[in-house]
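K.L.:
The residues making up each chain are set out below.
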Amino acid sequence: MAFDGAFFEARAINAWRGERHILRDVSFTVRPGEFLKITGPNGVGKTTLLRVICGLLPAETGSLEWRGKSIRGNRDEFNAELSYLGHLNSLKADLTARENLKFLSGLRESLTDEDVDAALDRVGILSRGDLPARSLSAGQKRRLALARLVLDNAALWILDEPVTNLDTAGIALVEELIHEHVSSGGLAIAAAHQRLLDDAPILRRLELEP
Amino acid sequence: MKRTPITHAARLVFQRDLTLAWRRWDEVTQPLIFYVVVTTMFPLATTPDLSQLRVISGGIVWVAALLASLLALEALFRADVEDGTTEQWVLSGQPLGWLLLAKTAAHWVLTGLPLVIMSPIVGTALGLPGEAWGALVASLLLGTGTLSILGGIGAALTVGVRRGSVLLSLLVLPLAMPLLIFGSRAVGMAMDGESPSGPLQLLAAIFFLSLSLGPLAMSAAIRISVEN
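The listed protein sequences correspond, in order, to chains V and C.
Counting from 1, one number per residue, gives the positions in the first sequence under this note's numbering.
Counting from 211, one number per residue, gives the positions in the second sequence under this note's numbering.
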């Protein structure tokens, strides 16, 4: 397996947004070869939970562990194995698709032009590689953001509504990417409203309740 | 594929900002134009007599450079925070302080350095004697560098605040006062034929202090900003 010993555990996470107590004692584990899908109505705290997992938001109480070690204090080690796709695509409108990948994913892994081309090809926008991101459609921008996941080579994928703006083929692409990643020993956590690998055996669900 | 070393990651951030600036050069040249326009207004508003202008020329150049750098600061981190780029930097597993320092360095090359290069010309137009050029350029080099870092801290702190520009000025201007005092003093001393090394050394001390502590403060402030 590609990511030996990767293991994520969250115990009794509590988080507030302003005055609202959003996450109440959320606990779960994710093992290699598992895809955890977080569901629940709007405003229930799916994004908050994902941001807490990444460390972008502090949890009020509770512990997060990666490979059996607390993430607090090992933040850089954890981040190096984590790839986060948020609501925002983190793209620069004035840079071309290729440059966007080179300047963002390049911070993590040393990339060659072939790596970048292969990733663009994988998400189906190779022919748009030299266009500035501003001229891509919303769905193509999302695909470009997905190309980062392909390049980052991270053990743990954290995806916030990954299929937003994508067409049917795009949704199938996301399912394929997650499936490939997870079956090669990776871990994935996603918040999603839509159907996403709902019948696959790798799927586990976490339902957040208001 | 292998992990990117931090020096290479910092270079990518630097390169990226230069590339972006090249495509939006109109925004980048704004502080420089402000600088030239303000300094040319002084002779119009006061007196075209060079012997009188010469006395205050060092001060004019310094005040104009200070305000021009401040003008460029507000947008320093805003776009990157709004489009989610800083989020990814925080999660890149690279030391955030280095990435932000690289960004600040690019910012200085684009906004501070042109002011420094332009200053002998602007100074000459105000009657600044040639023997003070060295002191002017050296003090501005150190001064604009420090301002970029101090301003970077201020911009990182106010990036999440609506209409943060007023707050940014209030935060940064008091910290910039020593730069203004030592900088214009260095120019004044050089004009009087004295050695400006005293104030220049103080400027250098302030520069290295902010260079060593600035990245820590910036990364702490950016981490708070991405929480929202």
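The reader is advised that the hints may include incorrect statements.
Straight-line C-alpha distance at most 16 Å; calculated EDC-like pairs for lysine to aspartate or glutamate [unchecked claim]:
#, chain 1, residue 1, chain 2, residue 2
1, C, 212, V, 114
2, V, 69, V, 81
3, V, 69, V, 167
4, V, 141, C, 341
5, C, 212, V, 113
6, V, 141, V, 207
7, C, 212, V, 167
8, V, 141, V, 121
9, V, 141, V, 167
10, C, 212, V, 77
11, V, 141, V, 130
12, C, 212, V, 81
13, C, 212, V, 109
14, V, 69, V, 121
15, V, 141, V, 113
Quick look at which bits of chain C chain V covers, simulated, 3 or more residues with Cβ under 8 Å [to be verified]:
#, stretch
16, 219-229
17, 297-305
Just so you know, these hints were derived from the structure itself, not from any lab.
Treat the numbers as computed from the prediction; the structure is a model and nothing was measured.
Idealized CB from N, CA, C, for every residue including glycine.
K.L.:
Tell me the numbers of any earlier hints that the structure contravenes, in ascending order.
P.N.:
Per hint list: 3, 4, 6, 7, 14 and 15 violated.
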